[in-house]
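Engineer: Residue numbers (my numbering), protein chains in the order written: chain A, 1 to 318; chain B, 1001 to 1318; chain C, 2001 to 2273; chain D, 3001 to 3273.
Hints are not guaranteed to be accurate.
What the hints assert, rightly or not - Away from chain B, derived, C-beta distances all over 10 Å, residues of chain D:
| no. | residue |
| --- | --- |
| 1 | T3061 |
| 2 | H3062 |
| 3 | G3072 |
| 4 | G3073 |
| 5 | G3151 |
| 6 | N3153 |
| 7 | D3154 |
| 8 | K3166 |
| 9 | G3195 |
| 10 | P3197 |
| 11 | V3229 |
| 12 | T3233 |
| 13 | P3241 |
| 14 | R3263 |
| 15 | P3267 |
| 16 | R3269 |
Claimed, not checked - Chain B stretches covered by chain A per the calculated footprint, using a threshold of three residues with CB under 8 Å from any CB of chain A:
| no. | segment |
| --- | --- |
| 17 | 1128-1137 |
| 18 | 1148-1162 |
Rather than coming from a laboratory, the hints here were simulated on the basis of the structure.
Quick caveat, the model's predicted, so the values are computed rather than measured.
Glycine included, C-beta positions come from ideal geometry on N, C-alpha and C.
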Amino acid sequence: MGVSSYLDLRAATRARDRSLRDKVMSLEEAAKLVTSGEHVALGGCTASRTPFAMIWALIRAGVTDLTVSRSIISTEGDLLYASGASRHIMTSWFSQGIVWGVSKVMRAYTESGRARFEEWSHMAMGLRYRAGAMGVPFMPMRSMLGSGVLDRAEGAKTLECPFTGETLLLVPALNPDVALIHVQRCDAYGNAQLDGLTFMDIDMAMAAKRVILTTERIVSNEQIRRAPDQTKIGFFTVDAVVEVPFGSAPHECYGLYEPFYSHMDLYAEMTAKDPEAGAQAYLERFYHEPTNWAGYLERIGMAELLDARRRGSSIYDD
Amino acid sequence: MGVSSYLDLRAATRARDRSLRDKVMSLEEAAKLVTSGEHVALGGCTASRTPFAMIWALIRAGVTDLTVSRSIISTEGDLLYASGASRHIMTSWFSQGIVWGVSKVMRAYTESGRARFEEWSHMAMGLRYRAGAMGVPFMPMRSMLGSGVLDRAEGAKTLECPFTGETLLLVPALNPDVALIHVQRCDAYGNAQLDGLTFMDIDMAMAAKRVILTTERIVSNEQIRRAPDQTKIGFFTVDAVVEVPFGSAPHECYGLYEPFYSHMDLYAEMTAKDPEAGAQAYLERFYHEPTNWAGYLERIGMAELLDARRRGSSIYDD
Amino acid sequence: MTTDLAHAGLARADLGVAPAAPAHTASELLAVMSARLLREGQTVFAGVGIPLLAAILAQRTHAPGLTILFEGGVIGPFVEPGKLPPSTNEQRCTRRANMLVSITDVLLMLQRGYVDVGFMGGAQIDRYGNLNSSFIGDADAPKIRLPGTGGGNDIASLADMIVAMKHEKRRFVEKVDFVTSPGFLRGGSSRADAGLPAGGMFRVVTDLGILGFDPESRAMMVLALHPGVSAETIRAHTGFPLPVPDDVAVTEPPTAGELAILRELDPARLYTA
Amino acid sequence: MTTDLAHAGLARADLGVAPAAPAHTASELLAVMSARLLREGQTVFAGVGIPLLAAILAQRTHAPGLTILFEGGVIGPFVEPGKLPPSTNEQRCTRRANMLVSITDVLLMLQRGYVDVGFMGGAQIDRYGNLNSSFIGDADAPKIRLPGTGGGNDIASLADMIVAMKHEKRRFVEKVDFVTSPGFLRGGSSRADAGLPAGGMFRVVTDLGILGFDPESRAMMVLALHPGVSAETIRAHTGFPLPVPDDVAVTEPPTAGELAILRELDPARLYTA
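Please work from the sequences and hints to get the whole structure.
Structural biologist: So, in structure tokens, the structure goes:
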């Protein structure tokens, strides 16, 4: 996970087809763009706009040994560990959510040394993506200094500032092999317009070497062009566009649906007693048995979906 | 124009009243917030969203010896020199616009050594504001290296990258004393929603130690809160809000009016033969003789204003 | 210091016994006492749970112009009673906000110096105010792997901190197992020496009292006790020597009005049970 | 190189004399010849004037999927014929764009490596492709203070460059008075040594021919001449020794179709007179 040389980074970008072209494909086709062992960055944060449909497709496809990074990791981290899709996660916080307490699945895998949870501060994660997005090897920052987090972080360096003499931390750029980002809408070329909270997604898309977008709906390029100042991820960074309604269920998608709280409670219950067996049972029931994404949503249940949808519109009903 | 120490920068921010409060005032009152000798940053770029009303008020108020920075400086640079409001401008490009050729007023003042035009690359200007916005002493970048521009730039330093061994340029943070930014709309507290091109304005507002907003119209805080993801400049950075319709005339304001081309031609004509006398005559006629902003617009002329307005809506008529 | 005490609604112990206070939970006590530390016009970076409840309570009492920030990228929201967000990153956090920005940018506001107070809960704290939310036991072979820092490290590195937590001996330790979020590190000037010249621990609010830090040694000390709490009690619940002044202040108990607001905000008692 | 020549619509001189071409101005010749150098699917950072006209011409002929960027922060616009923008920073530039970003961010796309070609005009160029748009004469006491770099330095530092300019001896000089936008600096590896390992001068398009740079020495050389231009003529208009191969290519003259598009785009002949 070292910092790329500038020439390597440029060569990787140049080798891509960055032209304005139709990139629409299925979840299964998009999953083939990810190779075991790669570094995959996940958009969204905690229980918001998590690219669950794409994670679901990758776990079903049997991808392994990914290094996964995200601002804050929720249940998808448990499932990546439990499925073997990843045994190395870089993030600032890892558990389903404060109200559910510490993740027992995360604990089981990390405390037994079978999986690694590499911790960085929240801002450090953000600035690592930002450095990657800007094409520079590092960003200077002023936190993490003096802490145990810094002692265990891989590759950060301190610098005596040549302008002020102050001690600064330089955090190394992240240029993930692939970023998976779920959006409210984009066109067939990958121009994405995000509403509400953008988290680290904009920097992540610019930093990554490939981007797979899942989207609640595909809109025309004409619609995008009517409000170009709303486009937050440009087509030129995007390699695949997959239309997946409720693509971040059971997490939320701003303005459309809130988290599926009962389902999240169900997951917590299933993993409460025997976390590993519970996670495996969850994977079997919700990831492997359904034959498609609609089947997955069906297992979560219609009533739950309608309730999340009703609550989700509240931001615009106010 | 050295880089502030972190403690000085923090102290200056802490001393400000950053609460949600009404900041509406007149151009004349806002002009009193700027002191001779300060560093003033100008929002917009070339002939777009230039904070002309505020510049007009400062020149009328007799402010002198400002250091002025902007992404790209147009005619306002000539007028700042000619009025004595500034004799030191930092920017990447300085002239009315490509179609009018090299500014004769700029030439007269700089070639005679009476005024300084400190040149940085466009990206360097942007990253200097960005470093200031982020609260770090510098940003690393990969242009300007090897050029004459770097030889003459004040305070940039090279660094052998501790991660890659590459040569990087570190450009020093700019934290202007005051930023003058013209926006389409904001509320009385200074929450500004910009349409279209944002130039360097967002970083500039975060970098500056004070912000004066001029705005085409003041909207309610309720309206701002209905679309908080459209707020680009937060109230907490803002010290003054002045409602000034056509506040960037004769330049454009995205979606509302295009540049007043005939007036810009008139200025070019007035300064073609004897640039200094021409600029003084222009200042007299358009800056000193009118008694208020409406009077200034009246001198430009109603037909010109209506034409600029008609052309300006074109972006939404498409 | 006097101003701080007065502002926080503290009364000197010798001013007399406080009147009988309405019944309340320990969490409600934390929320009320923390809210009183916040001032009109401040900008507060708040975590969910007690910190958020306290910030909203302050907005609805003495600090209507308080600006709340969430690390999800939210500036100046007004959270709806009964709809408290499950984290700082969901749309519930954004209700009627003034501005939304990226996570990185809201954290950079902290670095730029726009935040007065960072306000969070704590799992384990030590004498110098260092917080641990990463590992119980040895970090290389932990007994418990905790969720980690989130924005905690950034907030504690860059703002004046208020920490609200239960006062238990296992939580108030001589030295945290792991410094997730820096307090004054090893005391004295060690925090500034590490490259953290700004911010630092301001107050620790517990169900037993309000604690501050000695300006020189940077060690934790008692500033005030809640009504009915003795110096012996608070010392007995603390895993390191804790100075308690002889004339230590006693806090004013939560008022019925303050408690009513908290109960309106969290009717299901998710955070205040 | 062969591919480049073929792509650019060049024919070997010995293939015969070109047919009589429609009348055109020198500026139109520059625009057409430059447009032919652009390829389908590329991303081009274009200045206003000839570069923008050439990029739109390429979009409307062989490269419909060409993406144009403007330094004002515009990605993938479609400029309306007859409404050419006065700079790269006005709303006319944004018409039917795919995306608008800040100036800094569009320039960072260049640094991130998302731009294939930078395309601009030039006032003064030297043997190694260095461009001057800052000072005529000594920078400390200039005869003429020019407007400066704008985004030119950034583009020339970070992208493969096409420069379109009039071929005059006073513009093609041994050494520019001032390096505003870097070409190959002092030739050889001096550009990479200065910290600019990527990008560099690709082509200089003039009204006399098309020039490239020797892969080793990085000195300018002729790749093709326009019809009717001799090696002697182009050398006479150049202020430094300019290699011209014996079997130098000759360009295909502008077609009526190409010229018609240019005239539709710029009916007032602001840039093509």
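Engineer: Hint by hint, say whether it matches the structure.
Structural biologist: Each hint tested on the structure:
1. T3061: About 24 Å separates T3061 (chain D) from the closest Cβ of chain B, which puts it past 10 Å; holds.
2. H3062: Non-interface label on H3062 (chain D) holds, nearest chain B Cβ at 26 Å vs cutoff 10 Å.
3. G3072: 6 Å, violated
4. G3073: The assertion about G3073 (chain D) is violated, with a minimum of 5 Å to chain B.
5. G3151: At roughly 4 Å from the nearest Cβ of chain B, G3151 (chain D) sits no farther out than 10 Å, so the non-interface label is violated.
6. N3153: It is violated; N3153 (chain D) is separated from chain B by about 4 Å at its closest Cβ, not greater than 10 Å.
7. D3154: 4 Å, violated
8. K3166: 15 Å, holds
9. G3195: Given a closest Cβ separation of 3 Å, the condition is violated.
10. P3197: P3197 (chain D) not clear of chain B: closest Cβ-Cβ about 8 Å, inside 10 Å.
11. V3229: 28 Å, holds
12. T3233: 28 Å, holds
13. P3241: Given that every Cβ of chain B is farther than 10 Å from that of P3241 (chain D), nearest at about 23 Å, it holds.
14. R3263: 18 Å, holds
15. P3267: 15 Å, holds
16. R3269: The claim holds: R3269 (chain D) sits with its nearest Cβ about 12 Å from chain B, beyond 10 Å.
17. 1128-1137: That given contact holds, which follows from 3 residues of the segment 1128-1137 of chain B lying within Cβ reach (below 8 Å) of chain A.
18. 1148-1162: holds (count 5)
Going down the numbered hints, you'll see the structure goes against 3, 4, 5, 6, 7, 9 and 10, while the others check out.
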